[in-house]
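Visitor: The residues making up each chain are set out below.
Protein chains: 4
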Amino acid sequence: MTLQNLTIAFIGLGRIGSGIAKNVQASGCQLVVYNRTPQKTQPFVAAGAKAASMPREAAASADIVITCLMDDQSVIDVLSGPDGILAGLRRGAIHIGTSTISPHATTRIAALHHQHGSHYVAAPVLGRPDAAAAGRLSTFVAGNREIVERARPVLETYTQKIFGLGEDHSRAASMKLAANFFVVSFLELMGQAFTFADKRGVLEPMTDLLKAFLGPMGEYVDRISNRRYDTPGFTLDAGLKDVRLILEAAGEVQVPLPFASLIRDKCLAAQARGFGQQDWCVFTEISRLEAGQAPR
Amino acid sequence: MTLQNLTIAFIGLGRIGSGIAKNVQASGCQLVVYNRTPQKTQPFVAAGAKAASMPREAAASADIVITCLMDDQSVIDVLSGPDGILAGLRRGAIHIGTSTISPHATTRIAALHHQHGSHYVAAPVLGRPDAAAAGRLSTFVAGNREIVERARPVLETYTQKIFGLGEDHSRAASMKLAANFFVVSFLELMGQAFTFADKRGVLEPMTDLLKAFLGPMGEYVDRISNRRYDTPGFTLDAGLKDVRLILEAAGEVQVPLPFASLIRDKCLAAQARGFGQQDWCVFTEISRLEAGQAPR
Amino acid sequence: MTLQNLTIAFIGLGRIGSGIAKNVQASGCQLVVYNRTPQKTQPFVAAGAKAASMPREAAASADIVITCLMDDQSVIDVLSGPDGILAGLRRGAIHIGTSTISPHATTRIAALHHQHGSHYVAAPVLGRPDAAAAGRLSTFVAGNREIVERARPVLETYTQKIFGLGEDHSRAASMKLAANFFVVSFLELMGQAFTFADKRGVLEPMTDLLKAFLGPMGEYVDRISNRRYDTPGFTLDAGLKDVRLILEAAGEVQVPLPFASLIRDKCLAAQARGFGQQDWCVFTEISRLEAGQAPR
Amino acid sequence: MTLQNLTIAFIGLGRIGSGIAKNVQASGCQLVVYNRTPQKTQPFVAAGAKAASMPREAAASADIVITCLMDDQSVIDVLSGPDGILAGLRRGAIHIGTSTISPHATTRIAALHHQHGSHYVAAPVLGRPDAAAAGRLSTFVAGNREIVERARPVLETYTQKIFGLGEDHSRAASMKLAANFFVVSFLELMGQAFTFADKRGVLEPMTDLLKAFLGPMGEYVDRISNRRYDTPGFTLDAGLKDVRLILEAAGEVQVPLPFASLIRDKCLAAQARGFGQQDWCVFTEISRLEAGQAPR
Numbered sequence: 001m002t003l004q005n006l007t008i009a010f011i012g013l014g015r016i017g018s019g020i021a022k023n024v025q026a027s028g029c030q031l032v033v034y035n036r037t038p039q040k041t042q043p044f045v046a047a048g049a050k051a052a053s054m055p056r057e058a059a060a061s062a063d064i065v066i067t068c069l070m071d072d073q074s075v076i077d078v079l080s081g082p083d084g085i086l087a088g089l090r091r092g093a094i095h096i097g098t099s100t101i102s103p104h105a106t107t108r109i110a111a112l113h114h115q116h117g118s119h120y121v122a123a124p125v126l127g128r129p130d131a132a133a134a135g136r137l138s139t140f141v142a143g144n145r146e147i148v149e150r151a152r153p154v155l156e157t158y159t160q161k162i163f164g165l166g167e168d169h170s171r172a173a174s175m176k177l178a179a180n181f182f183v184v185s186f187l188e189l190m191g192q193a194f195t196f197a198d199k200r201g202v203l204e205p206m207t208d209l210l211k212a213f214l215g216p217m218g219e220y221v222d223r224i225s226n227r228r229y230d231t232p233g234f235t236l237d238a239g240l241k242d243v244r245l246i247l248e249a250a251g252e253v254q255v256p257l258p259f260a261s262l263i264r265d266k267c268l269a270a271q272a273r274g275f276g277q278q279d280w281c282v283f284t285e286i287s288r289l290e291a292g293q294a295p296r
Numbered sequence: 001m002t003l004q005n006l007t008i009a010f011i012g013l014g015r016i017g018s019g020i021a022k023n024v025q026a027s028g029c030q031l032v033v034y035n036r037t038p039q040k041t042q043p044f045v046a047a048g049a050k051a052a053s054m055p056r057e058a059a060a061s062a063d064i065v066i067t068c069l070m071d072d073q074s075v076i077d078v079l080s081g082p083d084g085i086l087a088g089l090r091r092g093a094i095h096i097g098t099s100t101i102s103p104h105a106t107t108r109i110a111a112l113h114h115q116h117g118s119h120y121v122a123a124p125v126l127g128r129p130d131a132a133a134a135g136r137l138s139t140f141v142a143g144n145r146e147i148v149e150r151a152r153p154v155l156e157t158y159t160q161k162i163f164g165l166g167e168d169h170s171r172a173a174s175m176k177l178a179a180n181f182f183v184v185s186f187l188e189l190m191g192q193a194f195t196f197a198d199k200r201g202v203l204e205p206m207t208d209l210l211k212a213f214l215g216p217m218g219e220y221v222d223r224i225s226n227r228r229y230d231t232p233g234f235t236l237d238a239g240l241k242d243v244r245l246i247l248e249a250a251g252e253v254q255v256p257l258p259f260a261s262l263i264r265d266k267c268l269a270a271q272a273r274g275f276g277q278q279d280w281c282v283f284t285e286i287s288r289l290e291a292g293q294a295p296r
Numbered sequence: 001m002t003l004q005n006l007t008i009a010f011i012g013l014g015r016i017g018s019g020i021a022k023n024v025q026a027s028g029c030q031l032v033v034y035n036r037t038p039q040k041t042q043p044f045v046a047a048g049a050k051a052a053s054m055p056r057e058a059a060a061s062a063d064i065v066i067t068c069l070m071d072d073q074s075v076i077d078v079l080s081g082p083d084g085i086l087a088g089l090r091r092g093a094i095h096i097g098t099s100t101i102s103p104h105a106t107t108r109i110a111a112l113h114h115q116h117g118s119h120y121v122a123a124p125v126l127g128r129p130d131a132a133a134a135g136r137l138s139t140f141v142a143g144n145r146e147i148v149e150r151a152r153p154v155l156e157t158y159t160q161k162i163f164g165l166g167e168d169h170s171r172a173a174s175m176k177l178a179a180n181f182f183v184v185s186f187l188e189l190m191g192q193a194f195t196f197a198d199k200r201g202v203l204e205p206m207t208d209l210l211k212a213f214l215g216p217m218g219e220y221v222d223r224i225s226n227r228r229y230d231t232p233g234f235t236l237d238a239g240l241k242d243v244r245l246i247l248e249a250a251g252e253v254q255v256p257l258p259f260a261s262l263i264r265d266k267c268l269a270a271q272a273r274g275f276g277q278q279d280w281c282v283f284t285e286i287s288r289l290e291a292g293q294a295p296r
Numbered sequence: 001m002t003l004q005n006l007t008i009a010f011i012g013l014g015r016i017g018s019g020i021a022k023n024v025q026a027s028g029c030q031l032v033v034y035n036r037t038p039q040k041t042q043p044f045v046a047a048g049a050k051a052a053s054m055p056r057e058a059a060a061s062a063d064i065v066i067t068c069l070m071d072d073q074s075v076i077d078v079l080s081g082p083d084g085i086l087a088g089l090r091r092g093a094i095h096i097g098t099s100t101i102s103p104h105a106t107t108r109i110a111a112l113h114h115q116h117g118s119h120y121v122a123a124p125v126l127g128r129p130d131a132a133a134a135g136r137l138s139t140f141v142a143g144n145r146e147i148v149e150r151a152r153p154v155l156e157t158y159t160q161k162i163f164g165l166g167e168d169h170s171r172a173a174s175m176k177l178a179a180n181f182f183v184v185s186f187l188e189l190m191g192q193a194f195t196f197a198d199k200r201g202v203l204e205p206m207t208d209l210l211k212a213f214l215g216p217m218g219e220y221v222d223r224i225s226n227r228r229y230d231t232p233g234f235t236l237d238a239g240l241k242d243v244r245l246i247l248e249a250a251g252e253v254q255v256p257l258p259f260a261s262l263i264r265d266k267c268l269a270a271q272a273r274g275f276g277q278q279d280w281c282v283f284t285e286i287s288r289l290e291a292g293q294a295p296r
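Protein chains in written order, with the numbering used here: chain A, 1 to 296; chain B, 1 to 296; chain C, 1 to 296; chain D, 1 to 296.
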């Protein structure tokens, strides 16, 4: 399968989606783009893509559809109904879902494709917008082995590391949530640790220590140590959605996650202060405020 | 200062201390050893060290005294009183303290030396027994600049990386506690994340992911993922002491550390189950049990 | 409005519902009953009620419909669709909703009635099955003032104390959730306090003290002090649903409720141990187990 | 034992102590008073008491000594040393300790008296300054049965309800800490519940409901609902001391108390904002601030 011969529909051109789409387009395939607010399609059209006016139309000519959307509901919505992907998609086509959604929504989406005669590849991505633009995301992938192999060259256009999770689609979602739980707890941990270090007079060496130890998370070390939450790669409002998915997925299998519960509370406290559209690690600011440090 | 011409007294030959002492002895200095239970001095005596019968005697001939003890009280006790270090130590000698103790005890110990005419180098170490034996510990060092320089060749015999914290002794203690807080929260995070991953069917890939990401903490990844807490490098009972130091040091500067509070509770729950002498990361087992997994 | 002239439809004859219905029937009205599992209607039919085979049929002849159901979805379901209440209810009739549901579902249900030309009285009840059977529940009531006055004689058949919350229906739901949050936190508090008291040797006097102080919650004091969670008035599985409603309603207005987050985790831990069908205060057992006390 | 024939020494005339002492003096005994800042003794001297210049002097003529002090250390200090109580107290005399101190300090104090040939009655009180002044405190009492009986008439001058805990002195301390844990958790619960109620628009009915339910805690209901923390009966700084005693006493018997851990963090956050000298329930203000409500 050479990418040059493929038609790929891309739906959802947000911060992450536009970065992925740019790399997909650079592979030489024919790209069809759809976005709810159409102006975001312009750079892609300027580079040779076609713009579709609804998901159905985008899917109609596609060998592969990629979605990069907000949450369970938005993926279900874009898939279903008279204007949805399934209304246009041909049998045998493949849908690559890059969004962070729940395991049960993942299973449901895979079933809808199965019914339709098309294929779903669960492929949520880990990484921030700059990693998406640079083609350096990580992808957790699950689905029918042969279908995943067919999708792999596409995944490789924007992914640095692919983690195979087997054939059960929902495992890719579970793994993504486990990874997100790890990352978000890490951020909270930095918030607490830097507050402690700051008030005990060792913020600078603690920042250096963590930078040495946490290469791949260096951007967060800087943001949280310096209390800089502007120019968001991912907003707090979106981050709280992910924390809720984690809590829900853990609750379904009776796993208490006290760190996630605490972080949910910190996110709410940050929203209550009007930080919802800042970078999602802004919830760590609550540790600073609770310790009596002056607001930025 | 060549180490061959120095007499170094080493007090406290526990799991970490014996590793450090071995490296110090290998540097060619004259070693004098003291331990509360004397049989632990035997391998060092066999290799040429002298054994002292009390701290005072060990300190009497020493250019440098190194202590590796349990807690604030044990350092204060070994320093003071008619049989203590200060009763024997000559003016101008240096005491290197490698234990994890509180910032205020550190300040008090430095003051006792100042009064006595000797010098304190606060130098708590980070690392497990195997790192101590291999001379690969990290050391957070604070004290008078010139004295620290004189101590550096000794520190280098057992330390891979030295973090300088300036002249205020207590900053080395604060930094060590900040680092310990980071590590212990990390362990708890792994406990929660692995429990989630296990019950959602993605324990193996999650373990692989963390191993790739967390090189220096790989041993803990294995222990916690596999629920193996025997052959302790550091016991839960000792670990709980450190968590209490963290909470106390944070409380002194009005910093809430909810992760540390939670971990204290987990440590108590682990002690209540009789896990006090297992490896300190055994408190992560509580996450497993709370999620209904069978005891090991 | 004398109750003898009214036809009242009662839908949902569970532990609480059957107690309420018994008191309503005793008032002398004509009762029509519906329950998903029909055998629960028998005692009411034996006492003169009519049994309906679907909600629509129950509602068709009713001046007032009372529902006592599990959650948001079950109330919406019983109201809507071809067999639902609204398909049969005449304009001007009144629906009294006694279930603990979310504020937003409450608002939505009121709107459905408004569209239909009928009236909704939000009237969630506080109390256990024995209080329901004895007509000693508390009710939080909200809705159009005149409609609430018309419903009041019916409420009084099973309610000891009516708290008026004004015309905004959702306020009754918010108030019920606030009260539930208070009660459930109280239970958890007893769990922790009794564990502490027990292990410090003062369980008996602590139990006596709380009994003296907490008259209306004496049953819970006994259950939790004695670790007796059988013969549930309300199950843990149902209780967890309420905790989730509380967290959701608090999250909507950006209020962190760390006690509720903790209790959610305790409920999950209790479910993971298979306690889901015991009395809801069984989540307090987790405090006992965490402190190393032997399982009952 | 008629009180008129007794000489009673009273040490510690703070907010609670002065209320107790007033009631003791009103019983007709001969009162000797000592306080670290002597001006607080004036009203008692004006009413016929003698003022002593040190604890030893106060104790010298006393049949019974009552202490009402801050913490473990202050009780130990006032008891020991050349100017302490024991340096003056005659054999057979009784010491009634009303302070909230740790179980192990209680045991140690009882042992000091035993050695000395005098008697200790552990008698920590529950209640605020107004209850002390009105003679309506509760007392948890433990000690030798006969000695407790001899002390009872004195206790009754300022106590409404006496809870007997048996002969092991430390049980009175444990019981007081269990009761304090209950109360302080209650305050935090109100803070969370009122914040929820306020932001959902039901603060007023929730306040009314709690007032009806919580008669004896009505003052706190008002304070926390109205966010009024001035004119402290008991300061936050003192309250945090009690929370630490609770956590320590629970830790000694391996009982995690997550509510107490959370409240400790709230107290630190309140101290960090400079609230240390306001009424201790001011830590509930943190719930308000975390939910984004404007500072008072």
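Rather than coming from a laboratory, the hints here were simulated on the basis of the structure. Don't take every hint at face value.
One copy or two, either will do: identical chains are not told apart, so a pair holds if it fits within one copy or between any two.
Stated by the list, open to error - Calculated cross-link-like contacts (lysine-lysine; reagent style DSBU-like; alpha-carbon spacing at most 30 Å):
(1) Lys-50 to Lys-211
(2) Lys-241 to Lys-40
(3) Lys-211 to Lys-40
(4) Lys-40 to Lys-50
(5) Lys-241 to Lys-161
(6) Lys-40 to Lys-161
Visitor: Now look at each hint and say whether the structure bears it out.
Guide: We went through each hint and held it up to the structure:
1. In this assembly of identical chains, the alpha carbons of Lys-50 and Lys-211 never lie at most 30 Å apart, being 43 Å within a copy and 43 Å across copies at closest.
2. Proximity of Lys-241 to Lys-40 under the C-alpha cut-off of 30 Å is restricted to the intra-copy arrangement: shortest distance 23 Å within a copy versus 41 Å between copies.
3. In this homomeric assembly, Lys-211 and Lys-40 never come within 30 Å of each other (Cα to Cα): the closest approach is 35 Å inside a single copy and 39 Å across copies.
4. Taking the shortest Cα distances, Lys-40 and Lys-50 sit within 30 Å of each other inside one copy (13 Å), while across copies they are farther apart (62 Å).
5. Within a single copy, Lys-241 and Lys-161 get their C-alpha atoms as close as 25 Å, which meets the 30 Å cut-off; across copies the closest is 40 Å, which misses it.
6. Proximity of Lys-40 and Lys-161 under a CA criterion of 30 Å is satisfied intra-copy only: 27 Å inside one chain copy versus 49 Å between copies.
Violated hints, listed in ascending order, are 1, 3; each of the other numbered hints is respected by the structure.
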